[in-house]
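Student: In case you want the letters, here they are:
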Amino acid sequence: MDYVQHAFYKASHWNYENSYSQLTTTARALLDFETPRGLRLNLSSLSSPNFATSYAIGSVGLVDGSLSYLYTSLPLHTTSQSGKIDLHDVIHGYRQIQELRRPDQPWMWEEWQGGKRIDKRTSLLYGRLYLPQSTLEALYLRRISPTQQLKLSAVSDGRLRNGGTILALHQYDVGKYSAETLYSTDGGLLGLRGIYNFGLDPRKENTEAPRTEDRFYGRFSAGAEMYYGSLNKSGGVSFGGRFATLPAHKGAPLTATLTLNPLMGNLSTTYAVKAGKNLALCSKFDFNVYSYESEVKLGCELWRMKTRVPEKKERSMAAKLEWRLDPVEENLAPVPEEVAGVLKARVDQSWKIGILWEGRVKELLFTLGSSIDMKRKDQPFRAIGLEIQYSS
Amino acid sequence: MAFNFNWSPLTADADFYKRAQEMLTTALNKSPKPPIIVDDILVNELNLGSVPPELEILEIGDLAEDRFRGIFKMCYSGDAFLTLKTRVQANPLNTYLFSKPSFTSPQPLAASSGLTIPLQITLSEIKLSAFIILVFSRQKGLTLVFRNDPLESLKVSSTFDSIPFVRDYLQKEIEMQLRTLMMDELPAIIHRLSLRLWCPEFRAKEEEELAQAAKQDEDEVAVDPFSSPPQDAVDSRGNVLDASEISSLSLDGGSEIHSLFSQKNLLRLAALTDSHRTLSLFTPSIRDAVFRAWAGPSERSDSAGSSTPATPSLQRSNSSLGTSTTYTFNRGSDDGHGHLPSRPSLVSMHSATSGLGLGAGRHARSHLRKKKTRVVNLRKPKAIDDLVSESGDSDASSIAPASEPIMPTRILEEPEDNIIDPPQSPQRVRFRDSSVDVSPSKARLPARPSINPLSEQVTVDPVPSVEKSEETVPIFSREHRPSLNSLQYPAEKVPMTYTPTPILTSSDSSILSQAWVLKMANEIARRSQDIDHKATTEGFWSQSQLSRDEREDTPPPAYQAAL
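Read top to bottom, the protein sequences are chains A and B. The C-terminal position of the first sequence is numbered 392 in the UniProt record's numbering, with every residue numbered one higher than the one before it. The C-terminal position of the second sequence is numbered 563 in the UniProt record's numbering, with every residue numbered one higher than the one before it.
These aren't lab readings, by the way, just hints derived from the structure by calculation. Source: prediction; values computed, not measured. Hints are not guaranteed to be accurate.
[To be verified] Derived coverage of chain B by chain A (criterion: at least 3 residues anywhere in the stretch with Cβ under 8 Å from a Cβ of chain A; other residues may be distant): (1) 82-95; (2) 99-107.
[As the list claims (entries may be wrong)] With a Cα cut of at most 20 Å, we get these calculated EDC-like pairs of lysine to aspartate or glutamate: (3) B:85 / A:293; (4) A:233 / B:161; (5) A:176 / A:86; (6) A:233 / B:168; (7) B:100 / A:32; (8) A:274 / A:99; (9) A:274 / A:89; (10) B:100 / A:157; (11) A:375 / B:173; (12) B:100 / A:34.
Quick reminder that beta carbons are idealized off the backbone N, C-alpha and C, glycines included.
With the hints as extra help, turn the sequences into a complete structure.
Tutor: See the structure below:
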């Protein structure tokens, strides 16, 4: 479902990454990945370009499951078979930020027929029902304009206060900067967050070639967020900055972030580097200036590749008839390596270890994970789980 | 009336503080904590202060050696204080997100980063004002319930007193927690403690299995008669019920319950009816049945004006008389004391009514007969002493010294057989009785089994006793008799003989007992006639010696006078 949502973003030319909330995506993917618990089966299908369904069943103590449906007005033409899907799109690892793209101009969306505009705003509807808990999730996503997007998400659950919550999020992204405002019915929380990218403005035409010969060729972004709960009179503020190399960078790609919470005195730095083609390392350091509490986390990600065996070429019939060899083909594009699996591991200062192995067996995508607490010698395995996905 | 608390020894005991701190710590950490508290709550310091609480008795519902029920009013505004230590999450946004579904969470990047702060809270100036309902029974322990919210006001001082928002929040949260502690946890703790103190079997049980559920089961066993159904249960038509049928019955099953009898009890009822049909004097005892006639005296004397609990005073005044009637009366009060009508928890009241009626009728007659056979009465104290000492009833044993000095030698002469084996009662019944309840000294029911042989014996052995006692103590017994009658019995006698009948007819008991009711009514009617006819018969003693049956029907002069 996440994959389909991202496909929607991609199809509607929305830069998902250009948001303050996605500032530390890389570190989160490498350090705060979720380890599955128990056995979980996922069955998804993109039955038509506009409609997708997904069923999940899990057993953590008792059997639970969920049903989800997704409808989008924008036809999605993406591979959905789990046997063919590119694992780089499914597995969140080190995220290479891309060059900012120039936003679409409003006229690009206009469609005219017989002197009338017939274009409609694309939207996405998504609903998910968790069965024994009777929890309903709903999402409505609408592209208002090429630079704006509205996202409404709601949860209905009898156990929650007032029976559920609604979160409204309005996003405005022009490439150079992006701003978001949000409102949550729970506690009347108002939020405002924004990010500013230093460097070239993608809206302007720039002809000069990027100076890739610098030691670091990348982009620096800075942002801030502010929340205020109008009902419980509480709030929160944080600032953050990120430097990340762009794809044109010649050296090893790296991402460094710094976030600061001035109210709580919390300071957090992350540093992630893609050390090799298949290896990414990440570290995180938290420090609180008021309570002197600190935390260190280390993580790594290792991609195991499987080279596709090149097909043995038979001499073609035509060549045989002409009594000559086939012309030597220039191997223009090397056959892309296939991902066999990804191993992720993290460890923190209290020796809590998380291990995740994601890969593909035939047509099935699987995720095998465990979280281990080395401090508890008697029962180190806190959780162990296997998740199997199949989609068509 | 108010209590005078001896507060200082309690506060001086260091061990008590340690234990109290531990218990409070576990109690505070048991209930789910709000997300703002990220660590265990530790009771750091506890001081009960020097000012004791004021306790006022509002009402006493029930008072006995092993039971108590009352309502108190408690006020406390002392200098006790309590210091707690914990760690709190200072970021409101973090606690805000704690219980929210992730799907709609705003997912802040760093604004929700936590800041845990060690917190020390001192609770002082506690003002309590509560109505407490206190129920104590030796079997079920001590139950304490707050009728209203006990917490009146409380001062919470903490590390964050300078920040008004945090202070208010803490005040609110702590008051809420304390209220739940007082209303829910405290009664449970006290109940458990009291059970450990007074119920040895409970303690053993608890040591065996600490599981809470098992404990509750244990408690329930005592209450629910269907959790341990009779092994040979039959329904109202005598068909044997199997275990599944019994289990299908429930306490709130309605009228069906009353049709469930133990076969043993039915046999006993049959024996009872037989004994009355044949005018046998044997009354088989029926377990777990309340004999209303026995409960009556204490009730009546209660209503007669003595505001204090009636049973002890009754015993004392009667035992000083040292005669047979004393004993019977004592017994009655004793019994009523065991099963006051005010206790609704008694099992199978309805099904017991037949037995109840029987007992009442029987008892009433025995009462009357006691009065007519004055000499016989003298022997009873002896029986009492034996039975009493056997049963080990503490109440009854107080009677023994009073009666002993009156006839210390005669007790030895008394043949033991008379107590257990009345010569007049038919052998058949006798056997059944002995097989059913082996000894009257069963610890469970000290009073009831003893009564039956006693009353039999009273009426039944005029033959041996007349010879023995007439020579020595007739005067003695005569001395007391008139006074006793005039003092205690005038009001009682008339209702006593006639009350059983309406009770029985109204009750939905078995056919057997209904038949017996008719029989009984007839007999009573006939008796009253007989009384009229033979009222003035002076040659009573010779008559009774000559024929037992006649003696049975012959009302004594005392009887008539009483009527």
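Student: If a hint holds in the structure, say so; if it doesn't, say that too.
Tutor: Each hint tested on the structure:
With 4 residues having a beta carbon nearer than 8 Å to a beta carbon of chain A, the region 82-95 of chain B meets the requirement of three or more and the stated coverage holds. Coverage of the region 99-107 of chain B by chain A holds [criterion: at least 3 residues with CB-CB distance below 8 Å; count 7]. About 19 Å separates the Cα atoms of residue 85 of chain B and residue 293 of chain A, which keeps this hinted pair within 20 Å; it holds. With a C-alpha separation of about 18 Å, the suggested pairing of residue 233 of chain A with residue 161 of chain B holds against the 20 Å cut-off.
Using a Cα cut-off of 20 Å, the hinted pair residue 176 of chain A and residue 86 of chain A is violated, with the two alpha carbons roughly 30 Å apart. Taken as a hint, the residue 233 of chain A and residue 168 of chain B pair is honoured in the structure, with Cα atoms around 13 Å apart against an allowance of 20 Å. About 19 Å separates the Cα atoms of residue 100 of chain B and residue 32 of chain A, which keeps this hinted pair within 20 Å; it holds. At most 20 Å may separate the alpha-carbon atoms for a hinted pair to count; residue 274 of chain A and residue 99 of chain A meet this at roughly 18 Å.
For the hint pairing residue 274 of chain A with residue 89 of chain A, the CA-to-CA distance comes to about 17 Å; that is within 20 Å, so the pair holds. Distance restraint check for residue 100 of chain B and residue 157 of chain A: the Cα-Cα separation of roughly 11 Å lies within the 20 Å cut-off, and the hinted pair is therefore satisfied. For the hint linking residue 375 of chain A to residue 173 of chain B, the alpha-carbon distance of about 33 Å lies beyond 20 Å, and the restraint is violated. Distance check on the hinted pair: residue 100 of chain B and residue 34 of chain A sit about 18 Å apart at the alpha-carbon level, within 20 Å; holds.
Going through the hint list in order, the structure does not satisfy hints 5 and 11.
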